[in-house]
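Number of protein chains: 2
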Amino acid sequence: MEQEKFLNITVKTDIYNGITIDLHYIPDEIRSELTVDSFDTIIKDALKLWIENGRRCIWFKVPSRLSHLISVLIKHGFEFHHAKSNFVMLVKWIPNEETRIPKFAHTTIGVGGLVYDPVIKKVLLIQEKNSRVKMWKFPGGYSESGEDIGDTAIREVKEETGIECTLKSIISFRHNHTGIFGCSDFYFVCLLVPAKQSKIETCQIEIDDCQWFPLDEARQHLCGFNLYVFEEFLRQYSFIDYCNEFKDSSGMTIKTEIIHSQYGPFKRDERVYSVRKSEQ
Amino acid sequence: MEQEKFLNITVKTDIYNGITIDLHYIPDEIRSELTVDSFDTIIKDALKLWIENGRRCIWFKVPSRLSHLISVLIKHGFEFHHAKSNFVMLVKWIPNEETRIPKFAHTTIGVGGLVYDPVIKKVLLIQEKNSRVKMWKFPGGYSESGEDIGDTAIREVKEETGIECTLKSIISFRHNHTGIFGCSDFYFVCLLVPAKQSKIETCQIEIDDCQWFPLDEARQHLCGFNLYVFEEFLRQYSFIDYCNEFKDSSGMTIKTEIIHSQYGPFKRDERVYSVRKSEQ
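As they're listed, the protein sequences go chains A and B.
Going by UniProt numbering, the first sequence opens with residue 1, and the numbers climb by one from there.
Going by UniProt numbering, the second sequence opens with residue 1, and the numbers climb by one from there.
The hints are simulated quantities; they were obtained by calculation from the structure and are not laboratory data.
Which copy is meant is left open, because identical chains are indistinguishable; a pair holds if it fits in one copy or across any two.
Derived lysine to aspartate or glutamate pairs resembling EDC-like cross-links, with alpha carbons at most 16 Å apart:
1) K129 with D14
2) K61 with E79
3) K103 with E147
4) K129 with D209
5) K103 with E79
6) K122 with E231
7) K103 with E144
8) K158 with E128
9) K121 with E217
10) K158 with D117
None of the values given here were measured: they were computed from a predicted structure.
Work the whole structure out from these sequences, hints included.
Given below as structure tokens:
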């Protein structure tokens with residue numbers, strides 16, 4: 001069966017009877033002759049055909065260099081769906097019923113590191129530049145694309161404080177709906193331990209101060225969610241000597257592991273997070 | 001001090017010495033006379049001034065109806081940042097150093113519901129339409145914008161199966177980097193219990209089959225991450241009668257609560273998730 005083409009670009013079909021056209025692949029000889037007016041006629045005719053053929057959803061990926069064509073798609077009822085630095089994705093839902101187009105991501109992921117050095121029995125805290133309130137807190141920041149939770153914590157602690165760490169567990173997490181760009185936000189705090197003896201070297205752009213504190217002193221310096229997490233840490237890791245009120249120590253934390261999953265004929269490794277003993 | 005204006009739109013400044021201009025607020029009398037050519041000259045002159053004034057980052061929010069202006073911004077070195085249905089956000093980083101522009105969200109959030117009815121001692125499983133492999137699994141789906149984890153589970157279970165539930169805890173979660181639109185994905189599975197006696201009414205569009213299963217039968221039907229979560233549930237809720245191999249039952253799960261946080265002069269309520277006793 002011959003593959004469907006649009007402006008000589010191979011059209012990608014999906015199981016929902018939708019199609020995706022990536023204008024990045026438009027051949028040079030067609031692109032050089034394409035004007036806003038000729039594209040307008042092409043879209044008008046193509047839409048007629050797609051509707052006749054029962055297509056439900058049309059996606060157009062428009063690279064930056066063809067951004068003058070976006071207004072044509074908007075004119076024909078396309079809406080923006082998402083964008084990355086060098087393209088924008090537009091979509092048009094055809095059926096006369098509520099759209100079933102999956103929404104793009106609307107949640108940012110941040111990770112902090114509660115770094116505890118069991119040799120000196122101290123916790124690493126920082127003060128940020130550019131913060132509304134001067135306070136001590138755990139180092140941390142946003143996840144990069146494709147990064148696991150523990151890897152973000154380790155990277156951010158290294159960037160902000162110079163200390164190289166390994167992951168022990170996730171102590172707690174927070175979910176709010178007041179993040180940047182109108183997004184929701186998850187903030188995980190991981191327990192990390194130093195991987196080797198290393199000196200504090202703060203990031204000059206982001207960090208004002210960074211120090212190791214004994215547990216009782218750290219606790220006095222912390223506030224808000226950071227304080228909550230610190231007390232969870234004391235509970236999960238049974239620091240009853242320091243805090244008598246945590247006699248009901250749980251001794252359990254959140255740990256990550258890879259499981260080998262089978263789904264019918266498909267196998268895959270999956271990173272999962274569950275409640276586990278904290279001393280493991 | 002007089003507020004900075006651009007095309008008579010009030011310019012929003014931020015603490016990083018950046019500015020945001022929302023073209024939605026362009027006055028009608030200016031918009032009606034604006035052409036691609038005149039906008040090109042305006043942007044050229046404005047950029048010169050912004051650079052002289054030491055601006056670090058320029059944001060333009062362009063509504064759909066002004067999409068013909070996007071190509072002018074691209075020409076002057078702007079990049080796409082993110083888009084929602086009716087606008088696209090473009091950004092230009094001015095300093096001659098690595099960009100420090102925060103990235104947009106790149107993680108979708110999905111939630112499943114392990115519905116256990118303690119009266120009939122059964123678990124609710126579904127089979128989806130449109131899935132590559134026919135298998136029994138927990139009902140669930142993507143979070144809507146602004147939704148808490150438990151609320152997504154409750155909504156999706158109601159939509160897919162008709163059963164109204166309340167949240168008990170989060171059993172486990174998975175993190176992968178192979179989601180739709182090139183996103184990463186979190187998938188949380190919540191333990192839910194029916195809120196009242198209700199009959200199964202499946203969603204005709206999404207669901208092929210939905211049934212209550214005894215624990216041992218459910219376990220035989222499940223695979224992959226769903227099976228892993230089910231065994232975590234048996235462990236966390238100490239079902240040692242059913243599964244002898246779970247004698248090392250932890251009796252702990254992940255629960256959510258609201259904490260009242262104080263950050264200097266600022267107070268706020270925050271939704272947090274931590275390890276707690278499962279019988280609570």
